[in-house]
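Asker: Here are the chains, one letter per residue:
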Amino acid sequence: MDSNQKELLLEVSNLTVHFHTDRGVVKALDAAELRVKRGEIVGLIGESGCGKTTMARSVLRVLPPMARIESGAISFAGEDLLAMEEKNLNSFIRGKKITLIPQDPFNSLNPVFSVGTQIRDILKWKGESQDSNQRNEAKLWEMLGQVQIPPLENQLQKYPYQFSGGQRQRIMIAMALLPSPDLVIADEPTTALDVTVEAQILRLMTSLVRGRGISVLFITHDLGVASEVCERIVVMYAGQDMEDGPADILFSEPRHPYTKELLGSLPNPEGRIQDIPGEVPSLIHPPSGCRFHPRCPNVIEVCPRQKPERAELAAGHWVRCFNPVR
Amino acid sequence: MEELILEIQDLKKYFRGSSGFLSKNVRWVKAVDGVSFQVCRGDTFGLVGESGCGKSTLGKTILGIYKSTAGSVIFEGKNIPHLPRNKAKEIRKNIQYVYQDPGASLDPYWTVGRILSEPLMIHTSLSKRSIREQVHKMLDDVGLQEEHLSLYPHEFSGGQQRRLGLARILCLNPRLVILDEPTSGLDVSVQATILKLFMELKIRFHLTYIFISHNLSVIHMMCNRLAVMYAGKIVEMGETRAIFSEPLHPYSQVLLAAIPQLGKKLGEEKDLSLTGEPPNPEDFPSGCRFWPRCRDKMGICETVSPALQAGSDGRSIACHRIHPLATKT
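Sequence lines, in order, name chains Z and G.
Counting in our numbering, the first sequence runs from 1 upward without gaps.
Counting in our numbering, the second sequence runs from 1 upward without gaps.
Keep in mind the hints are simulated off the structure, nothing from the lab.
Think of the CB as a built atom: it goes at the ideal place given N, C-alpha and C, for glycine as much as any other residue.
Mixed in with the good hints there might be a few duds.
[Unchecked claim] What the simulated footprint calls covered on chain G by chain Z, stretch by stretch (three residues with Cβ under 8 angstroms from a Cβ of chain Z suffice, anywhere in the stretch; the number is not a length):
1. 181–191
2. 216–229
3. 258–265
[What the hints assert, rightly or not] Okay, derived cross-link-like pairs now, DSS-like style, lysine-lysine, Cα gap no bigger than 30 angstroms in a straight line:
4. Z:Lys260 / G:Lys60
5. G:Lys196 / Z:Lys260
6. G:Lys265 / Z:Lys6
7. Z:Lys37 / G:Lys265
8. Z:Lys260 / G:Lys93
Given these sequences and hints, build the entire structure.
Answerer: Structural data, given as structure tokens:
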């Protein structure tokens, strides 16, 4: 197994994050685990409110002020990100070793600066003083060509509103890749786009990161997109990681009841749609033990009492469940 | 013999576009440009296309929220745009529209009870008591409870808000319901619940749906017939099963190939992905509006707009390759 021998790049272990809001403490992440190897595209999937974005923001330590990391560890390329000083995070990690492709290309570019200014800022901010301006420019033009934005100065003088949604997302991809990161966090990068444009952007993004050996943490709620793009999938539900395995196996033979139910609720031509009974729980008063137990068809007596440990059912396929699907 | 409930003939909706201040050249945004189709009673007719293709404008023009520029909307034999206002209102009661974002379409300062009673007060002459009874019944039908009546819309989840939107229109016993992106923004498991509810209500209340969506897998499951729209025109129309198994128009082919699917790996299949993006509605290309992105384009496509022509299998296609111009009068 080639992928098993790859070096571990990001390891999130036992991460518990609480949001202290006026209405109570939202237990957003409950001892969640996540591993990303070098060069791997890992999909983080789940429904809204399951903790996907909180996980990503914890890695960059850009959580909102009301959030507190209660326990856990995040190690990135051997460094402890939770212990790192803010100053060092800014100079070495954020926007450098770890970059972000945001969800909404419409709001993530500054409307009052030209696109060229914003891209060049990245190269400057990267602060590699040994890189001359000339070399930076050469890199910039090469990157623009790779994301299929015509590499012309007049393109760079344009403002964000002069580009279409697809083009803006290409610019965001260029900005995320220019610092030569080790890890790109792509937070629902194509949800705001139409299907035909989405297909273009996904192709472009995957070919560029694969070519450079960059790891990607790909956050999405679209199971189809995750299946097409990712090598490994982590399924989250209500702040807990439920299943973690190779994409092709996880989607064809899900072992966690939640994954199975989620796949069953996808629209299909036969029209035999299966919804999951009940609703996503409030994370202020989450269910005890396994948080899926009130909706789970496989529930057994132990489920409400105890949170299941991660168990490796097959090589590289972990499930957190006392009574997994067989 | 299937009974026709709605017939749209050559419907057009142009908006006045941006022109320079004091400029005499008015540019028209041809959002819906000569669309014709028929819907039979009991159908779920799908309208698919990417954003800006005119599918929502079409839905709103059918209902009369937008005044049509030209063409007819014949509902149960009556041409709505030609009727006097009060008559048109009477007929429109039978056609209802479910908005894309129910959170934004429900008045935030009104309780659910008031929101649900309002249409009955406007469109019927029922007593207060029978209105209350009717509202209770509808709540029950869409799976909400009586205690929800005193709550405000923001206290509901996305799925529940959609249920509310449905209860609100079902009060009036419509015969045709236009669902505009009814599941966008919902998680898959909630989407599944709502789609199931649509199916149940359709059977229970003998509804006919026009289902507007950009989500092709939802359309595939819900609709028996569908029309694919591109830049204000229908490019292909027919039975859902036939179109999904063998799309014929080059745009439909690309659109269906672009659906993200489980088990499909990016780059394994033939690369059908399109270059470019949908055209600017103020400035559509001449001829067939798809030609700048079409892989099968011919010389004629750039100048002559292909007409939507029916084939033998009940499928209509607007493409010069499939229906050469010679057959057109």
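Asker: None of the hints should be skipped; say for each whether it holds.
Answerer: Here's how the hints hold up against the structure:
1. Residue count for the stretch 181–191 of chain G with a Cβ under 8 angstroms from a Cβ of chain Z: 5. That meets the three needed, and the coverage hint holds.
2. Counting residues of the stretch 216–229 of chain G whose CB lies closer than 8 angstroms to any CB of chain Z gives 6, so the stated coverage by that chain holds, three being the minimum.
3. Given a C-beta distance limit of less than 8 angstroms, the hint that chain Z covers the stretch 258–265 of chain G holds, as 8 residues qualify and 3 suffice.
4. Taking the CA atoms of Lys260 (chain Z) and Lys60 (chain G), the gap is near 38 angstroms; set against the 30 angstroms cutoff, the hint is violated.
5. Under the criterion of a C-alpha separation no larger than 30 angstroms, the hint pairing Lys196 (chain G) with Lys260 (chain Z) is consistent with the structure, at around 18 angstroms.
6. For the hint pairing Lys265 (chain G) with Lys6 (chain Z), the CA-to-CA distance comes to about 21 angstroms; that is within 30 angstroms, so the pair holds.
7. Taking the CA atoms of Lys37 (chain Z) and Lys265 (chain G), the gap is about 20 angstroms. The hint holds against a cut of 30 angstroms.
8. Distance hint between Lys260 (chain Z) and Lys93 (chain G) is unfulfilled; the C-alpha atoms sit about 42 angstroms from each other, more than 30 angstroms.
This entry does not satisfy hints 4, 8, going by the numbered hints stated previously.
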